[in-house]
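Trainee: Take a look at the letters that make up each chain.
2 protein chains.
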Amino acid sequence: MIEKRDIRALQKIVGSENVKDDRAHLLAYSYDATRERYEPELVLFPRSEEEVSQVLRYCNQHRIPVVPRGAGSGFTGGALPVKGGVVLALERHMNKIKEIDLKNMVAVVEPGVLNKELQRAVERHGLFYPPDPASQEYSTIGGNVAENAGGMRAAKYGITKDYVMALRAVLPDGSIIRAGKRTIKDVAGYNLAGILVGSEGTLAVITEITLKLIAKPRLSKTMMGIFPTVTQAMEAVYRSLAGGANPVAMEFLDQLTIRAVEEKFHKGLPTDAGAILISDIDGNVEAEIDYQIELLRHHFQENGASAIQIAKDQEEAANIWFARRNASQAITIYGSKKINEDVTVPRSELPRYLEEVYRIGERYGVKIPCFGHTGDGNVHTNVMVDGSDPAQVQRGYEAIEEIFKVTIELGGTLSGEHGIGLSKAPFMRMAFSDEELALFRRIKAAFDPNNILNPGKMGL
Amino acid sequence: MIEKRDIRALQKIVGSENVKDDRAHLLAYSYDATRERYEPELVLFPRSEEEVSQVLRYCNQHRIPVVPRGAGSGFTGGALPVKGGVVLALERHMNKIKEIDLKNMVAVVEPGVLNKELQRAVERHGLFYPPDPASQEYSTIGGNVAENAGGMRAAKYGITKDYVMALRAVLPDGSIIRAGKRTIKDVAGYNLAGILVGSEGTLAVITEITLKLIAKPRLSKTMMGIFPTVTQAMEAVYRSLAGGANPVAMEFLDQLTIRAVEEKFHKGLPTDAGAILISDIDGNVEAEIDYQIELLRHHFQENGASAIQIAKDQEEAANIWFARRNASQAITIYGSKKINEDVTVPRSELPRYLEEVYRIGERYGVKIPCFGHTGDGNVHTNVMVDGSDPAQVQRGYEAIEEIFKVTIELGGTLSGEHGIGLSKAPFMRMAFSDEELALFRRIKAAFDPNNILNPGKMGL
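First to last, the sequence lines map onto chains A and B.
Remember, our numbering sits 9 above the position in the first sequence when you count from 1.
Remember, our numbering sits 9 above the position in the second sequence when you count from 1.
Treat the hints with caution; some may be incorrect.
List time: in silico DSBU-like cross-link candidates among lysine-lysine, alpha-carbon distance up to 35 Å [unchecked claim]:
no., chain 1, residue 1, chain 2, residue 2
1, B, K321, A, K221
2, A, K112, B, K414
3, B, K21, A, K221
4, A, K221, B, K347
5, B, K29, B, K112
6, B, K414, B, K273
7, B, K112, A, K321
8, B, K125, A, K112
9, B, K107, B, K165
10, B, K276, B, K346
11, A, K276, A, K92
12, A, K276, B, K112
13, B, K276, A, K221
14, B, K21, A, K165
15, A, K112, B, K276
16, B, K105, B, K21
17, B, K92, A, K112
18, A, K112, B, K376
19, B, K225, B, K321
20, B, K13, A, K347
21, B, K125, B, K21
22, A, K112, B, K221
23, B, K112, A, K221
24, B, K112, A, K165
25, B, K112, B, K13
26, B, K125, A, K225
27, B, K321, A, K165
28, B, K107, B, K92
29, A, K107, B, K105
30, A, K107, B, K221
31, A, K225, B, K105
32, B, K105, B, K29
In short, the hints are calculated from the structure, not lab data.
Here chain A stands alone, though its shape is the one from the complex (with noise of 0.2 Å):
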C-alpha cells in the first residue's frame, strides 16, 4: 500500500505535476489491448533516466511494485499493475528520438518513442526501420522491446531483438545499466541486452534503446496466390524460400477468413479456395524484383495455385492487401468475441496445425478462423464466439487451451509476437519444464530480488 509520505517523496523525485493518483488517471493507467482491467495507486511521469533511477530506488527500499509502461496496447497484459503499486508511464516525457546516426547506421530513442514515428524520421534520411507491428501508429519502442514485438515483415528482416543494438537500463536497486555497443560486434561480457529484450518489463526500466537501421530498398511489388489447399499454399511457400526467395511478407488468408471477408466486403475473393497468398517483394533494381516475382510465380504454379496476380501499381496492390488488412475485422461475422491467439509453429508444421485447429473448432462448436504470416509459421488464430453467450466464451476458452496443447508438440510457441504477461501465464507450465520456470525465477532475482518490477507476469 502506497502511504501519504511515499506520494511526497516520488513528488520530491519527478516533480508533483508528475506524480497523479486521481480516479481519471488511476482509471486511464488500468487497462491495455486485453481490456483487463488493474488499477494502479499512482501514476508517475518521470522525465529523465536519473528520476527513472530515484524511483526505482525508493520503490524497491519500500518494496512498492513498479510496472513499466509505453501505450498500454499490449495483448497480454504486460503493462497492467496486477499488484497495484506505480505505473511508470514513459510515453509522456520520454519519447525523444536522440539521434540519428547515418555513419554507424543507428537511430538512438528513448523508451516512448512511437514505433512509426522513428520509421518515418529514419526514413527521410533514406534509412529504414522495419518492425512493424500491427500497432506500429500507437505502440511506443520500449513496449516493442519489452515485448519482443515482430510484424509483417519479419520474414525477411527479422523481429525487434535483430535491430536492438545497444541498451540502457535502471535496475530496482537504482543502478544503471549499459548493454552493447554501436557495433554490430560486441562479445564482452554477458549479452544483457539479449536477455532484456522480450523480459516484459520484469528485470529492469529500459531507458534508452540504439537500433541498428539498413537502408530503405527503392522498389517493392505486391503479389498474390489462390491455391486450392493450405497444404499446397503451404508447399510453395517452403519451396520458393528454400530456392531463394526472400520476400518481405508472405501472409496467408485461410478459407474461413476469406469466406467472411467476401461476405462482408464482396471484392470477388473465391469463397472455394483453401487458401491465399500475398507477398510483397522489395529491392533496388527491376532486375531482382521480377527475378524474385518468377520465383514465387514458379513455385506457386508447381504446387497448384488456381489464380496468380502481380500488382501493377499501388492502387492493385493496395487492393490485393485490402483482404488482409481487414481480415480481422471481417470474420466477426461469425462471432461477436474473438479470443485471438499469437501461437507460432515450425512452418513445416502449418498445415498440420491448421488441421487440428479446425477439428478443435467443431469438437467445441466454434469457428476459428486464421489468417497471419506463413514466412515464420506465426498464425493469428481467432476462436469466434458469441460475447452474450457465457458458456459459448466457456468452450472458447477450452478450445485454446487445447490450441496451445497442439502448438507445443507441434515444436511451437504460446507467443510469437504478443508476450506472456498475464494472459498467457496460466500457461507456461505447458510449454516449460519446473527446471526452466525455476532457472527464470533466478534470472528474475538476480536482476529483482525484491520483485517488485511488474510482479506477477510471465508465470514467475
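Using the hints, position chain B against chain A.
Mentor: For chain B alone, coordinates are given in the frame of chain A:
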C-alpha cells in the same frame, strides 16, 4: 583435486575409454590459440547430452571445475582449465549434423560440428550458413556459439547470434534446458538463447544448436579501391552503406599493412596509399550486383579513390583478396611477436581510432599495422614486437592497455569477435561499471551457483 573415486564415477558415466588422465591427453588439452598452458586433471569425451548431464551433476556435487571445449582454437583462453578439474571435450563424439530441415531452413547440430563442415553440408542443398570466423576450417559451432563468433560476412549477414534460433543446454545441476524454437518468432519466457550465446561456457554446456539458414546467393563479385587516406576510405564506406550498398564484406588494410604485404609478396600494391578497401558483393541477379558495384564505385570515386579495380573473374578476385588474406603473415616483418587484439569501435570512429593507435605506437616505439572489417568497425590491431626483447614485449602490452582505453573512450568494445576469456579479463573493469560486473556475477550465480563452469573467466 580430482580423486580416484571421482575418476571411477566419471568412467561409469562416459565409459572408461572416454576418460583420460595420461600425460599426452592432459598436455593436448592444456592449450588453445593463446599458447598459454593450463593442464586439466582429467579429459572427458561425453557421447550424449544425457552423459553431459550426469557428468555435470557429479562435478557440481563434488565442486569439480568443468571446462567445455570444442576445437580449442579460441584466442582468449576460453577453453583453458585455469582452475584444473575436468575438460569436457565435445569434438570427439558430439559432432553430428543431426538434421538439415529444408522446410524450416534450419540445421540442428551437436556442438562439436566444424563450422566449415556445416557450411559445406548446407550448401549442398543450396542453403547458406553465413558466419565465417577465420577459424572456420577447424573451429566448432559450439565454440562459435560460446564466443559469439563473427567473421568477414558480418557487415551484411551478421554474426553467430543472428543465426542461433534454439539451443539445448545442461546446467551445472544436470538439468537439461531448451531455449528458443524452430521459429523466427518466439517471445515466450526469457530469451535464454540470447544470454547463452557469447557466455563463454560459464553458464551452461550447450549440447544442441538449431541454426537459421538462408538461401545461397547465386552470384558474387569482388572489387578493390585504393585511397590516399584512411579517412577518405571510411567516408566512402559510410556513404555507400547509407546509400543502399549492402556488401558482404568491406575489408580494409592500412598503410603499414599494405607496405608489409608489398615488401613480402611484391604484388604491385601502391605503398604510398593510406588504405585499401576490398569488398565482396553477392546477389541472385547480375543487375543487382551491377547496381551495388556502381554504388560503391560512385562513392569510392567521390571520396578520392585513386584507383578502383573490379575483378573480372575468380582469379582476379582471388588476387585482390590475396593482400587481405596474407596480411596477418606479412606484418611479421615488423616484429617476431604479434600481440593482436580484435577491438571494435563504431565505424564512424575508425579514423580517430587509427590515429590514436599510431600515436600510441610511436610513443611506445612499436609498429601497429591494422586491418579488418570496416563494415562493422572491427579492427585487428596488431602490436608487433621483437619477441626476444623482453623490454619491448613489455612496452607492447602497455601499448595494448592504452589501446583498450582509447577503444572504450570511443564507444567501442574490448572484443568484437574473440571474447574475454582469460586474456582480456583484467580489462573488464575498464569497460564495465561495478554495478554491471555485479549483475554479471548474479547472472552467473543464477545458472551456476557453485561456480564450477569454466571458473576464472570473463573477470567474474
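Trainee: Now, for every hint given, state plainly whether the structure supports it.
Mentor: Hint check results:
no., hint, in the structure
1, B:K321 <-> A:K221, "holds, 34 Å"
2, A:K112 <-> B:K414, "holds, 22 Å"
3, B:K21 <-> A:K221, "violated, 50 Å"
4, A:K221 <-> B:K347, "holds, 34 Å"
5, B:K29 <-> B:K112, "violated, 42 Å"
6, B:K414 <-> B:K273, "holds, 32 Å"
7, B:K112 <-> A:K321, "holds, 30 Å"
8, B:K125 <-> A:K112, "holds, 33 Å"
9, B:K107 <-> B:K165, "holds, 28 Å"
10, B:K276 <-> B:K346, "holds, 24 Å"
11, A:K276 <-> A:K92, "violated, 48 Å"
12, A:K276 <-> B:K112, "holds, 33 Å"
13, B:K276 <-> A:K221, "violated, 38 Å"
14, B:K21 <-> A:K165, "violated, 48 Å"
15, A:K112 <-> B:K276, "holds, 33 Å"
16, B:K105 <-> B:K21, "holds, 23 Å"
17, B:K92 <-> A:K112, "violated, 44 Å"
18, A:K112 <-> B:K376, "holds, 29 Å"
19, B:K225 <-> B:K321, "holds, 21 Å"
20, B:K13 <-> A:K347, "violated, 65 Å"
21, B:K125 <-> B:K21, "holds, 34 Å"
22, A:K112 <-> B:K221, "holds, 29 Å"
23, B:K112 <-> A:K221, "holds, 29 Å"
24, B:K112 <-> A:K165, "holds, 16 Å"
25, B:K112 <-> B:K13, "violated, 50 Å"
26, B:K125 <-> A:K225, "holds, 33 Å"
27, B:K321 <-> A:K165, "holds, 31 Å"
28, B:K107 <-> B:K92, "holds, 33 Å"
29, A:K107 <-> B:K105, "violated, 48 Å"
30, A:K107 <-> B:K221, "holds, 33 Å"
31, A:K225 <-> B:K105, "violated, 40 Å"
32, B:K105 <-> B:K29, "holds, 22 Å"
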